[in-house]
Structures are given as C-alpha cells and as structure tokens.
Amino acid sequence: MSEVGLQAGLYEELHEYAELIDGALVELKGSADAGPKHCAEELGAMLVKLKTDEWQVSPARLIVVLLSDFNRLRRLEWAKVGEGLLSGHPSSDVITRLERLAAVLELEQVNVMSRLKDL
Amino acid sequence: MDVYFDKAIPQMVARARHALDSVPSRLSSELTVLAQKCVTELNSVLIKLDRLATDSRLCEPQNREERLREFQRVVRDLDYIQNVGLAAIERVSDHDQRLNHLVQHIREEISYPLPLPPAVTTISRDYFYVHTRFNFNLVCVPPGEKGSLLHLPDLYHELAHPLLRERNISRVQPFKQALTKVRDLVLSHFYVELQEQERQRGPDVFKFYLERWMQSWFRFWSVEFLCDLFAIYTVGPAFAWAHLHLCAKRTNDPFEFRETPRDSHPADDARMQLMLFALDRIGFTDEANLIDARWQELLITLSTNKEPEYRRCYPRDLIAAVENLAFQGVAAMNCSFAGPGAPGYVRGMLNKAWYEFWQERPSYGDWDKEQTELLYQYCDTTPVGGAVKVGFQSEDKESLVTPIRKTDLAERRRPQSPTEAEVTFENPTAELITDISTNINHLSPPFTILFVAGDRGGGQRNQIQIPREFDSVKEAIRGCDHREAFNLANPILAATHQKLVAAYRDRPAILHFAGHGDDRSLSFISDQGLLVSHTPVIAEQLATILSNFPDRVHLCVLNTCDSATVAQHIVNARVVDAAIGWPAKLSDTVAIAFSRVLYGSLGDGLTLSQSVTLATQSCGSDEKPHLHTNMDVNPNAFTFVKRGKH
Numbered sequence: 001m002s003e004v005g006l007q008a009g010l011y012e013e014l015h016e017y018a019e020l021i022d023g024a025l026v027e028l029k030g031s032a033d034a035g036p037k038h039c040a041e042e043l044g045a046m047l048v049k050l051k052t053d054e055w056q057v058s059p060a061r062l063i064v065v066l067l068s069d070f071n072r073l074r075r076l077e078w079a080k081v082g083e084g085l086l087s088g089h090p091s092s093d094v095i096t097r098l099e100r101l102a103a104v105l106e107l108e109q110v111n112v113m114s115r116l117k118d119l
Numbered sequence: 001m002d003v004y005f006d007k008a009i010p011q012m013v014a015r016a017r018h019a020l021d022s023v024p025s026r027l028s029s030e031l032t033v034l035a036q037k038c039v040t041e042l043n044s045v046l047i048k049l050d051r052l053a054t055d056s057r058l059c060e061p062q063n064r065e066e067r068l069r070e071f072q073r074v075v076r077d078l079d080y081i082q083n084v085g086l087a088a089i090e091r092v093s094d095h096d097q098r099l100n101h102l103v104q105h106i107r108e109e110i111s112y113p114l115p116l117p118p119a120v121t122t123i124s125r126d127y128f129y130v131h132t133r134f135n136f137n138l139v140c141v142p143p144g145e146k147g148s149l150l151h152l153p154d155l156y157h158e159l160a161h162p163l164l165r166e167r168n169i170s171r172v173q174p175f176k177q178a179l180t181k182v183r184d185l186v187l188s189h190f191y192v193e194l195q196e197q198e199r200q201r202g203p204d205v206f207k208f209y210l211e212r213w214m215q216s217w218f219r220f221w222s223v224e225f226l227c228d229l230f231a232i233y234t235v236g237p238a239f240a241w242a243h244l245h246l247c248a249k250r251t252n253d254p255f256e257f258r259e260t261p262r263d264s265h266p267a268d269d270a271r272m273q274l275m276l277f278a279l280d281r282i283g284f285t286d287e288a289n290l291i292d293a294r295w296q297e298l299l300i301t302l303s304t305n306k307e308p309e310y311r312r313c314y315p316r317d318l319i320a321a322v323e324n325l326a327f328q329g330v331a332a333m334n335c336s337f338a339g340p341g342a343p344g345y346v347r348g349m350l351n352k353a354w355y356e357f358w359q360e361r362p363s364y365g366d367w368d369k370e371q372t373e374l375l376y377q378y379c380d381t382t383p384v385g386g387a388v389k390v391g392f393q394s395e396d397k398e399s400l401v402t403p404i405r406k407t408d409l410a411e412r413r414r415p416q417s418p419t420e421a422e423v424t425f426e427n428p429t430a431e432l433i434t435d436i437s438t439n440i441n442h443l444s445p446p447f448t449i450l451f452v453a454g455d456r457g458g459g460q461r462n463q464i465q466i467p468r469e470f471d472s473v474k475e476a477i478r479g480c481d482h483r484e485a486f487n488l489a490n491p492i493l494a495a496t497h498q499k500l501v502a503a504y505r506d507r508p509a510i511l512h513f514a515g516h517g518d519d520r521s522l523s524f525i526s527d528q529g530l531l532v533s534h535t536p537v538i539a540e541q542l543a544t545i546l547s548n549f550p551d552r553v554h555l556c557v558l559n560t561c562d563s564a565t566v567a568q569h570i571v572n573a574r575v576v577d578a579a580i581g582w583p584a585k586l587s588d589t590v591a592i593a594f595s596r597v598l599y600g601s602l603g604d605g606l607t608l609s610q611s612v613t614l615a616t617q618s619c620g621s622d623e624k625p626h627l628h629t630n631m632d633v634n635p636n637a638f639t640f641v642k643r644g645k646h
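Residue numbers (this note's numbering), protein chains in the order written: chain A, 1 to 119; chain B, 1 to 646.
Mixed in with the good hints, there may be bad ones.
Under 8 Å between C-beta atoms, here's a sample of chain B residues computed to sit facing chain A [as the list claims (entries may be wrong)]:
#	residue
1	R133
2	L164
3	L187
The hints are simulated quantities; they were obtained by calculation from the structure and are not laboratory data. From a predicted model like this one, the values you see are computed outputs, not experimental measurements. Each residue gets a CB set at the ideal place from its N, CA and C atoms; glycine is no exception.
Input sequences plus hints: build the corresponding full structure.
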C-alpha cells in the first residue's frame, strides 16, 4: 500500500520531462546562434516516434498517457512538434504547444507533490 | 520578477546551507547512507540555485516562465529533502534501529540486489510506504505495526519500489525491463480495446473508462503489481495473508474499478488473484488454496460482486502475463525465492506467524508479542549473514527455515496406513478447509441451474432425449425438499459459443451440459448461415469463458461422453468449485437417470459426494462419473442447502 512510493515515482518521471521541456524552450527562445540545442534535439527525437505504430514503447508515451491523446491524429500532431524541434527552426506554433505542455506538467507535479504531503 | 529572484534565490541558498550544516555526524550505517544522499541532493540544489541566479540564457526576459518553473522545482526538492530525509534522521529512535536491523537481515536472506541499505523509520502516519525520490529509499512503517509479525511482510513490497527507481545498477535492470514490458503490454491491450470501442461507436462512458484504466495501469498499477509479486516471490504466502488482513480491515469494495479516491492502487481482488498465480508458480499451491478460500469468505461477507466491466479493467490474461513477466524479471536478478524448502529465518518466522494466526488458541496476541520480540532480538544480536541464532530453540530454527506447508503438516500427523479420506479428516489444516468450504457454499439461494445442450435435437432420437434430460432436472427440482432454493433458468438449446458467453446474465450457480448427437459429444453449434456444423468444446476455452463470468459457477455437470478431463481441467483452473464428468461413453438412459437423482439429492440437502454416489447407483450401469473438487472444497461437506425441511 505504498501510496507515497507510487506518487513519488510518478513525480520523478514528470520532473524529468519538465526539465527537458523547459530546457528545450530556453534553447529555442534564445537567439539562433546561442549555442547547442541538446534538449530540443532529445525531445524532438522522442516525439517523432509517436507517429509510428510502436508509439506504446516510445519514451514520450507518458505524454500521450498524461494528456489522453490516444487518438492517432493527436499523436501525429505531437510527432510534428518533434519534427519541428529536429529541424532546428521550429515555428511559433511548436513553441506554444511546448509551453502548454510545460504548464500541464507543472500543474501535475504540484498535484502529485500535494498528494504526497497529504499522506 | 528579476528583483524577486534577486532576493528569493539567496534566501533559498541560505536555507539549503543551513540544512547542510544540520546533518548529524554520528549515525548508524543505514542512516549514514541516507544522510549522505541528503548532502548530495542539497549540494545539487545549491548548484541549481546558482544557475538560476547566473545563467545568462535563463535570465533573459523571454525565459521568465521557465525560470520561475525551475525555481519552483528547486524549492520542492529542498522541501522534500528537509521534510523527508532530514526529518527521519533527526527523529531516529530505538525502534527505528531495530527495524533497520530486521531489514538488513531481510536483504541478506533474499539477496536484495541494491548494494546500499535502505533506511527504515517509524514516522508513517498511515501505512507502510517508501520514499524513493533522490534514491532516499526510506521505508516508513506505522508505529502501531512494528510490534506485530502480521504486517511485516509488507516490508518486502516496499523494498521492491527502489528497484524500479534505480537507474544504473545492472543487476536490477531485468526487473525494470519487466516493468517496461508490462507497460508496453498494457498500452497495446487497452489501445486495441479503445480502437474497438470507437469502431463500435458504443457509449462514451466506456471510452472514458478505457482511457482511465490505461492511464492507471500505466502510471501506477503496473508498478504496484510488480512490487506485490516481488514480495510474494521473496517472502511467500505471508504477504498474501497480510494483503487479506489489510483488506479485511480497510476495504469496502475489492472489485472497485470505477472510482477510487486516488486511482493509484489496483483493485484488491486483482492484486489477490495475481498473488495466487505467483504462489502457485513457486510451489505454494496448498497455501494459495487456503488463502483463496479465506478470500472468498471475505468477499461473501463484503457482499460485493464483480461487474462485467471489471473483467475488462483487469483481464485475466493480462494479469497472468504480468505475473509471467515479473517472474522472469525477479529470477534474472538472482534473488532468493521463497519456495517451499527455501532458507530464510526471517521469512520463515513471518510465514509461521500466519500459520499460528489460524490455529485455535486462546490468544494469538500473546504468541505474536513474544515472537516479535524474539525476532528483533535475533536481528539485533546476530551479525548479518551469520549463522548464530539467539533466543530460539534448535527445533524452532528447523521449523522456521522452511515456511510451514499444509502437506508438511499432513505428513507429520498422518496415520501409518491411512486411506486418502482418513488423511483428509485427520489433518488439522483439512479441518480448516472443511470449515471454509462450509462457509463458501452457504451462499444465498436461489441457486440458478442453467441447462445447456449442444443440439436442439435435429436427429430423430435427439428430438426426444435432450428435452427428456431437461425434464428430469426440472422434475427433480420440483420434487425436492428445498425446491424454492433452486431456480431453473430457460435452457440454452443448440448452444453456440456466443450463447454460452452471454450465459453469465443468468448468474448460474450450476451449469449442466447435455450432449450432442448419438455419441453425446460435448460440442457447440457453429452457425455459418447456410452451413451449420458442430465443434467440440475445448477445455481451455470453457475455462476461459467460465473464469470471466462475474458470478462464480459452483458446480459444472458435464453429462456428456469423455468429459472427465474437461471437468478436471476447469477445476484445476479454479474456475468452478466442483465439476462432474464422464470418463467414457455415456448413454442417454444413464444420463437422464443420473440427472434426476443428482439434482433431487442436492435439492434435499445431501452433500455433493452423497448426491453423486446415489445418482451413480441409480443408473444401474458400469458407467461411473468422476467428481473433481477444488482443494478448498470438501465434497463430503459441500451442500447447496442444509438438510431437512424448512
């Protein structure tokens, strides 16, 4: 009955994604020659796998599960975000979607942490 | 915001430094490990705070949102380190130390894969849990549970959580891979279900449930199931008993699948079924049967039933696949399994406690208190890995090396030349079983009998024989003492797989199969439009169908030729309590006579064994049916109704 263990495990996963997405956003919002874009590349590579039939084994599947974006079209949209990140010149739409995702992850982390404190 | 950051970040730096200064230096080995992790993480917090203050890209105006979110994450980390890790270190007590010694022995016995010891504290306000963030691996035990053996098996479950959070140690990778595979399987399974649901355009509520189940399985239940299984494999039946104990104390609905307060724990019944699978696998079938019987007793007392959707949430095949993957994962970590005969003083003691719990004695509590103290003494004074045992007599140690098994007891108490029946009744554990089975079959009447025939009677002979057999059952029930306790459902004639699958709606307690054609084969009709044929019923197929019935079928009468192996299979698969089958050919005359007397006797309150014997004798034939029953059902005590007129 380790509620704390379960919630803490989820928090850790959310935390990792949140750091990665915020890292990518900082890289993308800076000037084009501001330096390497490791986070954006890592995130992009993860997201493009969502368009394959093996999306269930993609590391980005937590995002699909978290947002209930099981519909194929929604997954393809996330894969396009990944392609935008890998292109090195993502559109403003890509950045907007990532910002929304970062906000969802932040909210979810706060929820999980408050559940941890309640236990 | 820049001004705010200029003020707030130095304040958090000061707080983190103060926390670092407060870490005590004199600690036990387990708490030293925890303290070291706190120091490492506090230093990491300081590095992140420094980056928040000085990183030029992060400090650019367009990145304020990201900077604020990062700041909040760092604050949450600092809170966690202080409120969890450092709090446990500051509040350490003598009880904590004893539990730490106990866990050290458990680690040694089960060959725990992590090299550094987890720490244990008694600061839990609720139940057992473990803090795995930052690899703290801090096991929290409720103060009230440290003085009893009954819930200490839960420690084994908590020890599994850190294995799934560990990143780099190669020995735990198979277990982590098992989790990944379980999650893959879960997503694939429910995604297919979801697509099917969308294709059928059914009610949105089902789509909602499927998505929710997929999320819960993925995020929480997979982890919880794997930790349950780790506990079963390493401590044995004691963990399943502890689960039953906890559910009896706290659960209202073990089949909950719609709403749970936090959605994080799978249904208690699903967890129990998984544990029983695992116990069977590692050789504790006898114990699994006992636990299952007590579990059924609890379910009856709770008056809850599985709804059909429950099976969609926890498909039996998926549960079995999870158990299979977990077994491979734990085995590949080279942990010491708790099979019968496996060494392990602590786990032997924890299993013995549950054996003693079910014995008839004036006070289990006194025994428990005394033995708990002796266990702690043993762990306090015996070096980990040492062979010296303090505080126990040698015969105790011998009995504790191996968890007590029913068959062991049976052998000790067995008379010199017993018959099988004598062994059954002279074995105290068997008495326990009898007691349980008595309770199991005292279900609330009416009991529905569902008559299933493979053919409507197309041939000249069958037009007469199938209705005759049904009539014999109907007349027997009408003429028995407890006719009001039985309800004969509308028969399924010309049965197809689809019709049998839908038969759960009749909630049958007894399923009666009549044969098809001249050889009375156990078969179904396959209707393919113009072409109608019949296909034999495969035992596995029947077991799968019956296992998914929301209400358990207690007795299955296979009144068909060569059906004994099918009867045995469905009993072994534990999908019915008892089944009757015929080992060879069966004539219509015998089948009809047998049915009439069998149902008449059961309806008069005779035991299952008596009813089958009388029904067999009434046939006046050499053909004799086989009666198969579960381990937890004593055919000499099993009745649907108590004998005598109302």
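Given B/L187 as an interface hint, is its Cβ closer than 8 Å to any Cβ of chain A?
OK, holds: B/L187 within 8 Å of chain A, min 4 Å.
Against chain A, run the beta carbon of B/R133 and see if the smallest gap drops under 8 Å.
Given a least distance of 5 Å, the restraint on B/R133 holds.
Hint validity - B/L164 Cβ closer than 8 Å to any chain A Cβ:
holds (7 Å)
Taken one by one, the earlier hints all hold for this structure without exception.
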